[in-house]
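Engineer: Residue numbers (this note's numbering), protein chains in the order written: chain A, 1 to 254; chain B, 1001 to 1394.
Each hint can be trusted.
Capping the alpha-carbon separation at 25 Å, the derived lysine to any residue pairs in SDA-like fashion look like this: (1) B:Lys1375 x A:Arg221; (2) B:Lys1118 x A:Met98; (3) B:Lys1002 x A:His218; (4) B:Lys1101 x A:Gly162; (5) B:Lys1002 x A:Arg221; (6) A:Lys187 x B:Glu1117; (7) B:Lys1075 x A:Gln216; (8) B:Lys1101 x A:Ser74; (9) B:Lys1002 x A:Glu214; (10) B:Lys1011 x A:Gly215; (11) B:Lys1118 x A:Gln195; (12) A:Lys187 x B:Trp1114; (13) B:Lys1118 x A:Ser74; (14) B:Lys1118 x A:Ala186; (15) A:Lys187 x B:Ile1115; (16) B:Lys1249 x B:Gly1188; (17) B:Lys1011 x A:Arg223; (18) B:Lys1011 x A:Pro220; (19) B:Lys1101 x A:Arg164; (20) B:Lys1101 x A:Ala160; (21) B:Lys1101 x A:Thr159; (22) B:Lys1101 x A:Leu167.
With the Cβ distance kept under 10 Å, some of the chain B side facing chain A (calculated, not the full set): (23) Asn1016; (24) Val1017; (25) Gln1021; (26) Gly1070; (27) Ile1090; (28) Asn1108; (29) Asn1110; (30) Ala1138.
For the record, the hints were derived by calculation from the structure and aren't laboratory data.
A virtual CB, placed ideally from N, CA and C, is assigned to each residue, including glycine.
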Amino acid sequence: MNQTIQSRDYDSAPCASKTTERKVGPIIAGTSMALLGLSRRSKSGLALALAGGALAYFGSRRNASEDEVLAHGSVLLNCSPQEAYALYRNFEELPLIMQHLESVTKIGQGRYRWIALGPMGTSIRWDAEMVHDREGEFISWRSLPGSDVDIESAVRFQTAPGNRGTLLSAVTRMDPPAGKLKRIAAKLLNTFMIQQDLRRFKALIETGEIPTTEGQSHGPRSRMTAALRVADPTRPPKGDSEMSEVFNAKRRIA
Amino acid sequence: MKAVCWMGTNKMSVENVPDPQILNRRDAIVRITSTCICGSDLHLYNGLIPTMEQGDIMGHEFMGEIVETGAGVDKEKLKVGDRVVVPFTIACGRCFFCEQKLWSCCDNSNPNYWIAEKMMGYSPSGLFGYTHMLGGYAGGQAQYARVPYADVGPLKLPEGIPDDKVVFLSDIFPTGYFGALNCDIKAGDTVAIWGCGPVAQFAIRSAFMLGAERVIAIDRFPYRLQMAQEGGAETINYEEVDDVVQTLKDMTANIGPDSCMDAVGMEAHDDGFMYKLDRAKQALKVESDRPIVLRQCIQACRKGGTVSVPGVYSGFADKIPMGAFMNKALTMKTGQTHMMRFMQPLLDRIQKDEIDPSFVISHRVPIDLAPEMYKTFRDKKDNCTKVVLDPWAN
Ligand SMILES: NC(=O)c1ccc[n+]([C@@H]2O[C@H](COP(=O)([O-])OP(=O)(O)OC[C@H]3O[C@@H](n4cnc5c(N)ncnc54)[C@H](O)[C@@H]3O)[C@@H](O)[C@H]2O)c1
Ligand SMILES: [Zn+2]
Ligand SMILES: [Zn+2]
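Just need the whole structure built from these sequences, with the hints factored in.
Structural biologist: Given below as structure tokens:
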């Protein structure tokens, strides 16, 4: 990338410290093939990931059930893999970026307690242990027995082709138990949602903030519009304005 | 504050709304001194671009004074008291696209990117006052506006230069210039420009700046054609000729213009059968755009020439002559203007007195008259070319 274009001094975003040399991470063999498949540019990338990658990765240890949810996403980040890794690895701050996460708390020995918010004040909890943690390259964790759901997630950071920053790809697999929890869990994990979370992650790491129009002025809305907003299923349970307040109060970045 | 709000198709009204607030760290608030109505606003007025909501604040061509900045705004670049003109494209300055200076393709500025992705594959940047699909940002036909990434877009202005000379750096002057640049003009070229609206007026003058020898401008309103002539263009009144494409052939020794510019966009007018068909399809929502001018551009352009499209299209257009486009080896260039590339260089030209953009202004009115002016501008009544609103006059 032409470094002269970036000569402007942007010191409030974490990627401002972008180093000129980006290390090409070694290809992680074996278990991370799932993410490799996802990063293939071909249309069959997902199929590949599902067939030979993610399922192989996630499925090798247990028998996939019918209810299993597999969601994935990817973004190009204008920063180094190390910077992307560092922001992502700070799990306790992820609720600032990921709409459905309520909190992530360290409970010791590489274990974290994750709580996700479902519709109507419901929540789901799982304790997870790290499976892989390679700085600037790869993170994966999986839930421990006794959690509300059986869930695991993997994130890979790669130098993008042409040294255009970092390609982040994420896969999460969840096998919810039957019953009420299953319905809640289904609302908490899908590819659209992961992609939205990753876009917010991207915006934050590149610009130091997450774009929003929540809380801006407008003229009188029609009842119809108001009703549509309530009915809109893609509308997140936590409003953006609330999010940005939390961001402004708690964000440690810049 | 007062703000012009979209209240439905063909319904604008000036409402009292809360003053804008800083919502993000890199935001600034501008107290607006001049703001304009654009041909692009007419597409919203006419209800032709989806995802407007009642109550949305209109406007994307504004300038004024910074009255508040967020904690993340670089004070070296922008501070309270600075007088600025604000570009209509909202860009973060730090993504891959911004670094390529493809400012109108910024990857971070549209919080509703996913709506645009459904229609276009990928989302362009957010725009002020231009549908929820393109960000849903409150616009600048108001007394104040919130400007995101304020240390990237707004251009600081020197003392003493009047609003009228610089307010069009917010959109139409750079847009006309970008349209001309997209014509790939070489010395001695002939450029045909459809439309003689404000965008086209700046395109005409920019085409000459970039070395065109002839500019042929096409419209049907005599007062607009005359303004084009004053800018050095030859003109065609398309209502007075049988066939624009044939007329252009005749005027160019059967070669055709080296480049053709569509400065009209999705709401082109015509008397022919195709126009009635396109209008009907638009009304039935089976076709979002009326590409009458685009079709003519492709037909008229000389072999190996360039078609430049600053005119706005929103969705799908029928019967584009792809055969002509392919077999004549044409190139097409388009886009919302990458504003930040052009604002400073064009300000320099204004300061050197190479051009005084205020020539396009036909109406200066208090903001309260905005609803009437939308109608006047849409119907091209009262010799209306460009309306500048004063947000503070009564
Ligand atoms: N690309 C960008 O970034 C950008 C920015 C601003 C405006 N625009 C677009 O540029 C276009 C023009 O904007 P404007 O403010 O000058 O609008 P305008 O409405 O004032 O001008 C349009 C002109 O086109 C003429 N016209 C209509 N049908 C015609 C035809 N068949 N042949 C020739 N002329 C015809 C009209 O008579 C009118 O004079 C609009 O589509 C607008 O949305 C694009
Ligand atoms: Zn405009
Ligand atoms: Zn950007």
